[in-house]
Amino acid sequence: MITVIDYWLSHGQELATLVGEHVLLVAISTMAAVAIGVPLGIFAARRPRLASPFLVVANVVQTVPSLAMFGFLLPVPLIGGVGARAALVVLVLYGLLPIVRSTIVGITGIEASIREAGIAMGMTPRELLRQIELPLALPSIIAGIRVAAVVGVGSATIAAAIGAGGLGQYIYRGLSMVDSTVILAGAIPAALLALTVDGGLLWLERRLSPRRRTRSRAAVAVAASLAILALLASAAVSARSSGAIVVGSKNFTEQLILGEIVAQTIERETGLPVQRRLNLGGTLICDRALLGGDIDVYVEYTGTALTAIFHQRPSTDRAAVMATVRALYADSGRTLLPGLGYDNTFAILVRGADARARGLRTIDDVARVTPEWRAGFGYEFLERPDGYAGLARTYGLAFRSPPQVMDLTLSYRALASGQVDLIAGDATAGLITGLDLFQLEDNRHYFPPYDAVPVARASTLLRYPQVRRALEGMAGRISAADMREMNDAADARHENPADIARRFLERTR
Amino acid sequence: MDVAEFHGVHFGYPGRARILDSFTLTVGAHEVFVLVGTSGSGKTTVLKLVNRLLLPDAGEVRVQGRSTREWDPIRLRRSVGYVIQEVGLFPHLTVADNIAVIPRLERWSDDRVAARVRELLELIGLAPEYAGRWPGELSGGQRQRVGVARALAADPPVLLMDEPFGALDPITRRQLQGEFRRIQAHLGKGVILVTHDMAEAMVLGDRIGVMDGGRLIWCGPPRAILDCEDPRVRQLVASVTPFGSRTEVEPD
Numbered sequence: 001m002i003t004v005i006d007y008w009l010s011h012g013q014e015l016a017t018l019v020g021e022h023v024l025l026v027a028i029s030t031m032a033a034v035a036i037g038v039p040l041g042i043f044a045a046r047r048p049r050l051a052s053p054f055l056v057v058a059n060v061v062q063t064v065p066s067l068a069m070f071g072f073l074l075p076v077p078l079i080g081g082v083g084a085r086a087a088l089v090v091l092v093l094y095g096l097l098p099i100v101r102s103t104i105v106g107i108t109g110i111e112a113s114i115r116e117a118g119i120a121m122g123m124t125p126r127e128l129l130r131q132i133e134l135p136l137a138l139p140s141i142i143a144g145i146r147v148a149a150v151v152g153v154g155s156a157t158i159a160a161a162i163g164a165g166g167l168g169q170y171i172y173r174g175l176s177m178v179d180s181t182v183i184l185a186g187a188i189p190a191a192l193l194a195l196t197v198d199g200g201l202l203w204l205e206r207r208l209s210p211r212r213r214t215r216s217r218a219a220v221a222v223a224a225s226l227a228i229l230a231l232l233a234s235a236a237v238s239a240r241s242s243g244a245i246v247v248g249s250k251n252f253t254e255q256l257i258l259g260e261i262v263a264q265t266i267e268r269e270t271g272l273p274v275q276r277r278l279n280l281g282g283t284l285i286c287d288r289a290l291l292g293g294d295i296d297v298y299v300e301y302t303g304t305a306l307t308a309i310f311h312q313r314p315s316t317d318r319a320a321v322m323a324t325v326r327a328l329y330a331d332s333g334r335t336l337l338p339g340l341g342y343d344n345t346f347a348i349l350v351r352g353a354d355a356r357a358r359g360l361r362t363i364d365d366v367a368r369v370t371p372e373w374r375a376g377f378g379y380e381f382l383e384r385p386d387g388y389a390g391l392a393r394t395y396g397l398a399f400r401s402p403p404q405v406m407d408l409t410l411s412y413r414a415l416a417s418g419q420v421d422l423i424a425g426d427a428t429a430g431l432i433t434g435l436d437l438f439q440l441e442d443n444r445h446y447f448p449p450y451d452a453v454p455v456a457r458a459s460t461l462l463r464y465p466q467v468r469r470a471l472e473g474m475a476g477r478i479s480a481a482d483m484r485e486m487n488d489a490a491d492a493r494h495e496n497p498a499d500i501a502r503r504f505l506e507r508t509r
Numbered sequence: 510m511d512v513a514e515f516h517g518v519h520f521g522y523p524g525r526a527r528i529l530d531s532f533t534l535t536v537g538a539h540e541v542f543v544l545v546g547t548s549g550s551g552k553t554t555v556l557k558l559v560n561r562l563l564l565p566d567a568g569e570v571r572v573q574g575r576s577t578r579e580w581d582p583i584r585l586r587r588s589v590g591y592v593i594q595e596v597g598l599f600p601h602l603t604v605a606d607n608i609a610v611i612p613r614l615e616r617w618s619d620d621r622v623a624a625r626v627r628e629l630l631e632l633i634g635l636a637p638e639y640a641g642r643w644p645g646e647l648s649g650g651q652r653q654r655v656g657v658a659r660a661l662a663a664d665p666p667v668l669l670m671d672e673p674f675g676a677l678d679p680i681t682r683r684q685l686q687g688e689f690r691r692i693q694a695h696l697g698k699g700v701i702l703v704t705h706d707m708a709e710a711m712v713l714g715d716r717i718g719v720m721d722g723g724r725l726i727w728c729g730p731p732r733a734i735l736d737c738e739d740p741r742v743r744q745l746v747a748s749v750t751p752f753g754s755r756t757e758v759e760p761d
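Top to bottom, those sequences are chains F and Y.
Following my numbering, the numbering of the first sequence begins with 1 at its first residue and continues without gaps.
Following my numbering, the numbering of the second sequence begins with 510 at its first residue and continues without gaps.
I should point out that these hints are in silico values taken from the structure, not numbers from a laboratory.
Mixed in with the good hints there might be a few duds.
Said to hold, decoys possible - The following label-pair restraints were derived from C-beta to C-beta distances:
id, chain 1, residue 1, chain 2, residue 2, range
1, F, V222, Y, R578, 48 to 56 Å
2, F, T196, Y, G687, 35 to 43 Å
3, Y, A733, F, R46, 46 to 54 Å
Remember, it's a predicted structure, so these values are computed and weren't measured experimentally.
Quick reminder that beta carbons are idealized off the backbone N, C-alpha and C, glycines included.
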């Protein structure tokens, strides 16, 4: 708990921004859901045959996991893509169900004699709705809004996956760093926010119960002014600073640092305003965002682009992979810039002490001793086509016992503590430096290349040639050792990616 | 002028026995006409045809000389007071606001509305401080009085009352029946009152109509009903003879 508080204190500014973004996401989406859901509920309540299909559709929407919903919306024009707009669309969809349902329940739950009295007194349908049905359904509707808002606070954390900001950023950052402190730094304020929203709306609900109409006018005024305030603030946030270069990144430590390096390089070299959309939830989200113009540039890995984005067979020929990927990107209006200088491929790792004692340098060297050794691999490495089976065949590797399956992150510690003697890790993992591990050379070139390369929208580079020059100037500037050191600074020492990037750029200028 | 006339009215729902069958009746101004009959005999339907909650399948209903088909339903309903057993007071409005609903719909000035509310509270025998009470704070009898006041608020020439005292205990019921007679003597509305309580009909009605199977089977002044030979009417009358006073034993 103390460490979480320390984290907040050292990230005060950022925390305030994220809480603000989170509140806005929830406030705007809930208001929109009310604006759509209440009329929809009134409409459905008047037509009993429509009410149940409405609820079925809303229920189905509700069961789609929010992450999948963000995925579905990525390729949709206007409402999809990445950023706050797409997140709002998803949050509104989620908010609709409870609001529509509570409106239907609130209106159909009014005693028949009360409605009949209103009609028999000569109220027009509009007068009946405004003077009788809505006031009596209001507590139920507010209860639905409460549910929608609380669900919204939770779903909004997932919106960070598509770069909409909010407290989810801490949760994703924490997950990628395997650091529960950072996860809690986002989860605790999100939970508190949910409780506050719930409590506030409960207060409003009590105020608006039928017997307190006169006093409730004040409550409505308070709620309305809060809503207007939130809308005004939202205008400021949602206006994308026009003319800014938007830099994206995936949602793990190395990508956050690379995103900062790219962003700061463009800022320094061109003086153009840069907007950061870091922490996007994965390769495909970044790719769609780049294609759709939501971001202008991010750093991809050639092997990933070849297989995951363009669905080509893996290849071990570095130059050929680079050329193929460059051509494929060019076909879709995107430009692959020169590589940053390191290859984030699989790394076969042993303890530094073993490597020095036995003079191990390559995987061929280690193949002589492995019959006495134990290996530990992540599940993915055991399964994928360019993983363990091919490696064993290529180098004639055999172990004392079948390789143990273990979590990738834990396997580094398992190796360091001697539970296993060889693992397959990530070439730029900070832990390689931190735990004194040694990467054996892939001397038979078994692993496909995963060169880190910025990829940008061709139209952006055409419009801002200075951005192209700045990105080209980064060619070959980052070594695998540099990247490990920076990852270690972020993961083990909890330094801020922006600070790490700044220090690196100053040191290597 | 007669306030309500029914000329050969048929009403029913497809596939079910007809609710009203060649129903004919005329209710005069200042007259209290009480409809009695067993449940399902079509009494409530008669009332709903007057304020056009329902329209006849065939025949014609005229209110103040004009067919309900020709009336604007909103104008018609605002000139016909309606009191129901469940009262239907709006729970989110105070007593005063409930009474003031139609005057406000009719855009009366605030002063006029306030004066009318005071006047009606006095008429129904509630102290002025009840104006600010909520319906949930009233007894059943008080609620029904407010329901009557609300129906009378815009001074409609016609008043429809559907089992207005049916949900009350016998003592309160008698008290309210007495007050209704006093109010009616004062206001002289054209009233159609529905009940299945023959004793109530005999106390309140200037004329009584007995309904059975969607038809009016007997119609006349209260005293004359004791001489009626029809067994269905006799059965209803028997329920109020001193020894078999079912209304007292079986409160609805």
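Cross-check of the supplied hints:
{"no.": "1", "hint": "F/V222 to Y/R578: 48 to 56 Å", "in the structure": "49 Å, holds"}
{"no.": "2", "hint": "F/T196 to Y/G687: 35 to 43 Å", "in the structure": "58 Å, violated"}
{"no.": "3", "hint": "Y/A733 to F/R46: 46 to 54 Å", "in the structure": "48 Å, holds"}
Against the hints set out earlier in the document, a violation occurs for number 2 only.
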